[in-house]
Amino acid sequence: MAVPPDAPPMPAAAPRGLLERWADSDVWHSFTQSWLTMAAAAVTALLVIGAALAPLVAPHDPFDLASLSVLDSEVPPAWEKDGQARFLLGTDNQGRDMLSAILYGMRISLFVGVCSVLLALALGTALGLVSGYVGGALDAFIMRVADVQLSFPAILIALLIDGVVRGLLGQEHGARTAMLVLVASIGLSFWVQYARTVRGMTLVERNKEYVQAARIIGLPPILIMVRHVLPNVVGPVLVIATINLAIAVITEATLSFLGVGMPPTEPSLGTLINNGYRFLFSGSWWMTIFPGAALALLVLAVNLLGDWLRDALNPKLR
Amino acid sequence: MAGGAPLLEVRDLRVEFPTRRGTLVAVDGVSLSIAPGEVLGVVGESGAGKSLTGAAVIGLIEPPGRIAGGQVLLAGRRIDDLPAEAMRRVRGKEIGAIFQDPLTSLDPLFTVGDQIVETIRTHLPVGDAEARRMAVDWLKAVGIPSPEARAAQYPHHFSGGMRQRVVIALALCANPKLVIADEPTTALDVSIQAQIIALLKRICREHGTAVMLVTHDMGVIAETADRVAVMYAGRIAEIGPVADVIKRPRHPYTVGLMGAIPSSTRRLERLTQIDGAMPRLNAIPPGCAFAPRCPEAVERCRRDRPGPAEIARLDGVPHAAACWVHAPPAGAAA
Amino acid sequence: MTPPLVEATGLARWFDVTPSLWARLAGEHRLLKAVDGVDFAIRRGETFALVGESGCGKSTVARLAVGLYAPTKGSIHFDGQDLSLLKDRRRSRALRRRLQMIFQDPYASLNPRWRVADIVAEPIRAHGLLAGRRAIADRVGELLTQVGLAASDGARFPHEFSGGQRQRISIARALAGAPEFLVCDEPTSALDVSVQAQILNLMKDLQRSLGLTYLFISHNLAVVFHMADRVGVMYLGRLVEVADVDRLFRAPLHPYTRLLLDTIPDLSMSGKPRGPVAGEVPSPIAPPPGCAFHPRCPLAQDRCRREAPLARPRADGGGTVACHAVEEGRA
Numbered sequence: 123m124a125v126p127p128d129a130p131p132m133p134a135a136a137p138r139g140l141l142e143r144w145a146d147s148d149v150w151h152s153f154t155q156s157w158l159t160m161a162a163a164a165v166t167a168l169l170v171i172g173a174a175l176a177p178l179v180a181p182h183d184p185f186d187l188a189s190l191s192v193l194d195s196e197v198p199p200a201w202e203k204d205g206q207a208r209f210l211l212g213t214d215n216q217g218r219d220m221l222s223a224i225l226y227g228m229r230i231s232l233f234v235g236v237c238s239v240l241l242a243l244a245l246g247t248a249l250g251l252v253s254g255y256v257g258g259a260l261d262a263f264i265m266r267v268a269d270v271q272l273s274f275p276a277i278l279i280a281l282l283i284d285g286v287v288r289g290l291l292g293q294e295h296g297a298r299t300a301m302l303v304l305v306a307s308i309g310l311s312f313w314v315q316y317a318r319t320v321r322g323m324t325l326v327e328r329n330k331e332y333v334q335a336a337r338i339i340g341l342p343p344i345l346i347m348v349r350h351v352l353p354n355v356v357g358p359v360l361v362i363a364t365i366n367l368a369i370a371v372i373t374e375a376t377l378s379f380l381g382v383g384m385p386p387t388e389p390s391l392g393t394l395i396n397n398g399y400r401f402l403f404s405g406s407w408w409m410t411i412f413p414g415a416a417l418a419l420l421v422l423a424v425n426l427l428g429d430w431l432r433d434a435l436n437p438k439l440r
Numbered sequence: 087m088a089g090g091a092p093l094l095e096v097r098d099l100r101v102e103f104p105t106r107r108g109t110l111v112a113v114d115g116v117s118l119s120i121a122p123g124e125v126l127g128v129v130g131e132s133g134a135g136k137s138l139t140g141a142a143v144i145g146l147i148e149p150p151g152r153i154a155g156g157q158v159l160l161a162g163r164r165i166d167d168l169p170a171e172a173m174r175r176v177r178g179k180e181i182g183a184i185f186q187d188p189l190t191s192l193d194p195l196f197t198v199g200d201q202i203v204e205t206i207r208t209h210l211p212v213g214d215a216e217a218r219r220m221a222v223d224w225l226k227a228v229g230i231p232s233p234e235a236r237a238a239q240y241p242h243h244f245s246g247g248m249r250q251r252v253v254i255a256l257a258l259c260a261n262p263k264l265v266i267a268d269e270p271t272t273a274l275d276v277s278i279q280a281q282i283i284a285l286l287k288r289i290c291r292e293h294g295t296a297v298m299l300v301t302h303d304m305g306v307i308a309e310t311a312d313r314v315a316v317m318y319a320g321r322i323a324e325i326g327p328v329a330d331v332i333k334r335p336r337h338p339y340t341v342g343l344m345g346a347i348p349s350s351t352r353r354l355e356r357l358t359q360i361d362g363a364m365p366r367l368n369a370i371p372p373g374c375a376f377a378p379r380c381p382e383a384v385e386r387c388r389r390d391r392p393g394p395a396e397i398a399r400l401d402g403v404p405h406a407a408a409c410w411v412h413a414p415p416a417g418a419a420a
Numbered sequence: 165m166t167p168p169l170v171e172a173t174g175l176a177r178w179f180d181v182t183p184s185l186w187a188r189l190a191g192e193h194r195l196l197k198a199v200d201g202v203d204f205a206i207r208r209g210e211t212f213a214l215v216g217e218s219g220c221g222k223s224t225v226a227r228l229a230v231g232l233y234a235p236t237k238g239s240i241h242f243d244g245q246d247l248s249l250l251k252d253r254r255r256s257r258a259l260r261r262r263l264q265m266i267f268q269d270p271y272a273s274l275n276p277r278w279r280v281a282d283i284v285a286e287p288i289r290a291h292g293l294l295a296g297r298r299a300i301a302d303r304v305g306e307l308l309t310q311v312g313l314a315a316s317d318g319a320r321f322p323h324e325f326s327g328g329q330r331q332r333i334s335i336a337r338a339l340a341g342a343p344e345f346l347v348c349d350e351p352t353s354a355l356d357v358s359v360q361a362q363i364l365n366l367m368k369d370l371q372r373s374l375g376l377t378y379l380f381i382s383h384n385l386a387v388v389f390h391m392a393d394r395v396g397v398m399y400l401g402r403l404v405e406v407a408d409v410d411r412l413f414r415a416p417l418h419p420y421t422r423l424l425l426d427t428i429p430d431l432s433m434s435g436k437p438r439g440p441v442a443g444e445v446p447s448p449i450a451p452p453p454g455c456a457f458h459p460r461c462p463l464a465q466d467r468c469r470r471e472a473p474l475a476r477p478r479a480d481g482g483g484t485v486a487c488h489a490v491e492e493g494r495a
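Residue numbers (our numbering), protein chains in the order written: chain A, 123 to 440; chain B, 87 to 420; chain C, 165 to 495.
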């Protein structure tokens, strides 16, 4: 506790702009107090920007089949013997530049990760909000479904959804469909956590007097949920989303590694690891180690950010 | 009460909370003393520093808060600088504590009897059977019906009022010389409040225990305390015999506070209103902390901080206030 | 005599507190009768106070009076209209605007994510009382000034204000729809006494200038004495005594009313000891049979343990009292 228990509230200073309030906020302050968090943020930013701007920053276009040459296959990293300066992190068995493939792969991984987290967040928050606010039989139904889903590992659910969708669509489908399937299967396997958290907080907020005040005014339930309850439950949801992003990226990589994710023609990090791992023992270690390291770095950095955000937003730890 | 060595003496106590927006001075230059067997009320509004003064005496200021100055003496011995282990022995044995919420003062996993036995055996040289007998006696003394059976029950079996009785037994069972009671009746219903106050008063008189009664409720003070200290913004505004302070308050803050309490016998159209709010602890004005809200403030009040000055004596007990207008220090031109 | 503005008849609200699903399926029900058959009437422009200890049902009555709960039995009428009408959102718009509530906890009653101006403007927007940003902003500024804040305070967030200031914001929001009837549920019990004085003074001023009718809920008898014109004393879901404030405080009839009055701290230091009453409030889930107060009552007899007393007019004509002992002339 930073303030004595019976201290009057903090200053009622002049109204300020959003930026100014943010710069003076405890969250920002705790950010500047931790070098680990700042480093994690820097790494995350670097990776995300690199991935987002892959077509601009990557030295080669790994999808441009015309530029690939079998003669360039399995070139080791530039600093190794036989390495070439053109291929900083070496090439794969088809002669693709690893650095470019990783940047493009991370782009896909992050895209799938972010989209599936958004899907899970939207679905889980909506269900949790309705469940907590309306209560009764609807609440019981939603939460029992959540319980059942929670008794299976998320990866199993994702595999199941993936299998069902592929079965429905048939085996023939492009990279775009694969991406949508991934987003759907990961998103649908992660909504429970959001729903439970949001429901729990909604149960608390629903009984607070500001919600009762809105009910007395006569606002319809949907507006009370969206305008009043939702803004007060999003904090923890954002924390879960950050930590979940790391898990979603790993899940995507796992699915792709298992061969049910992105096809080798448009590889994500998981596909790259899967592709390279067959060459691990023939000496071409870079084909799997570098994508693996990129994945680990991304997940670690995002997780550190998530941990910090959780602590910074938790009033008990502040 | 007057004369004789005080049991507790607090000298120029200062409690600070460092924050990144500046240091909050929550208790500032508080001096008070409690004679053996005396009940001193400490009254004030939220943020006045009354609870922290009590917490400082029993060494329970939570970090990052700290005692930044002054001394706390118990029977002539300094206790504010004791190491944590030694302070733990002082708590319970020499100073008992009663807090607002009886539920958090009791361990839900142990029976009420076991908790009292543990406290007795920690602090007194008695065997288990003897301690158990004493525990039942204590439960009986605090008015718990069928104490033998109740001793074997857990805190959640007790109602709020009964729990607070158990807490009182727990605070007193090691025969401390002083009890710090912080808002002991605030969480209770009005009819239970009266019971608990009567109990606390009776049992402390019987055992000759001195009490520092911290509360926001002037009514509780009026019925229980011998002397009262009125705190404002971390400082003592007025201190003296309770009857004199209530009937003839001198400090304008005390005057306003007394006028703000609605009466159940005499109806006024409007209550006395002190405009404004207590200053924030990181922005206490220079001079008298009450000056910005004070209807009688003069130039000096805004410049110099007044110290406590005696204004009256009732049966030899001094009544002092920190006010340039109503309690000019002796020797100074009034 | 003009008809009362608010009238409760046989008002009851029970809560199902059956502990487990199995018990529920087996058809066992445990009912908490928070309010169990309460009659009262509030005249236009007066302050009617409900007083009692925790668990007596006074806050439930407050919520029934603004339609947050629907009555299990009985009814509550506002200006002749049944409040069960409030369930129909469209038809009850005009009615809703006329009643408002002020809450106990100034920290929970304002949405922490909203600016004060939006909080105060919410009833105006919801009821479509004013059109146009400018007009609403002007009205909000006017309301904030009316409760003793500055119009510029609207741009701030609730956490920037102290408890007393927040309660002023709450009052400003309650006044925004220009209501006639305000339900005040322990509006000052979370505040310091000097702040309480400010809020009570403000509420009295507003009542006078706007002609408001208050249902004032409190456990603090001195505050009730200061604010109320008439007082109802509640015990375990029932009204045990209703009377004009002076009659109730000077000549209480019901033993529970007397008990409550005995517990008021004596600030005049007359040396009169507070009568510490034996016993505690029993659980409302399993209230004692007959008169619920009989286990604590010094006048209890066999009849009190068997038969619940009905509210009968006080002998002096200034209210009602529900007590066998009073009826039999034993009190």
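Hints in this document: simulated from the structure, not taken from any laboratory.
This one's a predicted model, so the numbers in the text were calculated from it and none came from an experiment.
Ideal Cβ positions, reconstructed from N, Cα and C, are used throughout, including at glycine.
Worth double-checking, as some hints may not be accurate.
[Claimed, not checked] Chain B side only, calculated, beta carbon under 10 Å to chain C, not exhaustive: (1) G247; (2) Q281; (3) D303; (4) G342; (5) G345; (6) P348; (7) E355; (8) I397.
[To be verified] Cross-link-like lysine-lysine pairs, in silico, DSSO-like; alpha carbons within 27 Å at most: (9) B:K179 <-> B:K226; (10) B:K263 <-> B:K287; (11) C:K237 <-> A:K330; (12) A:K330 <-> C:K251; (13) B:K226 <-> B:K287; (14) C:K251 <-> C:K237.
[Said to hold, decoys possible] Selected chain A positions facing chain C (in silico; Cβ < 7 Å): (15) T299; (16) E331; (17) Y332; (18) L341; (19) L352; (20) P353; (21) T410.
Numbers of unmet hints, in rising order
8, 15, 19 and 21
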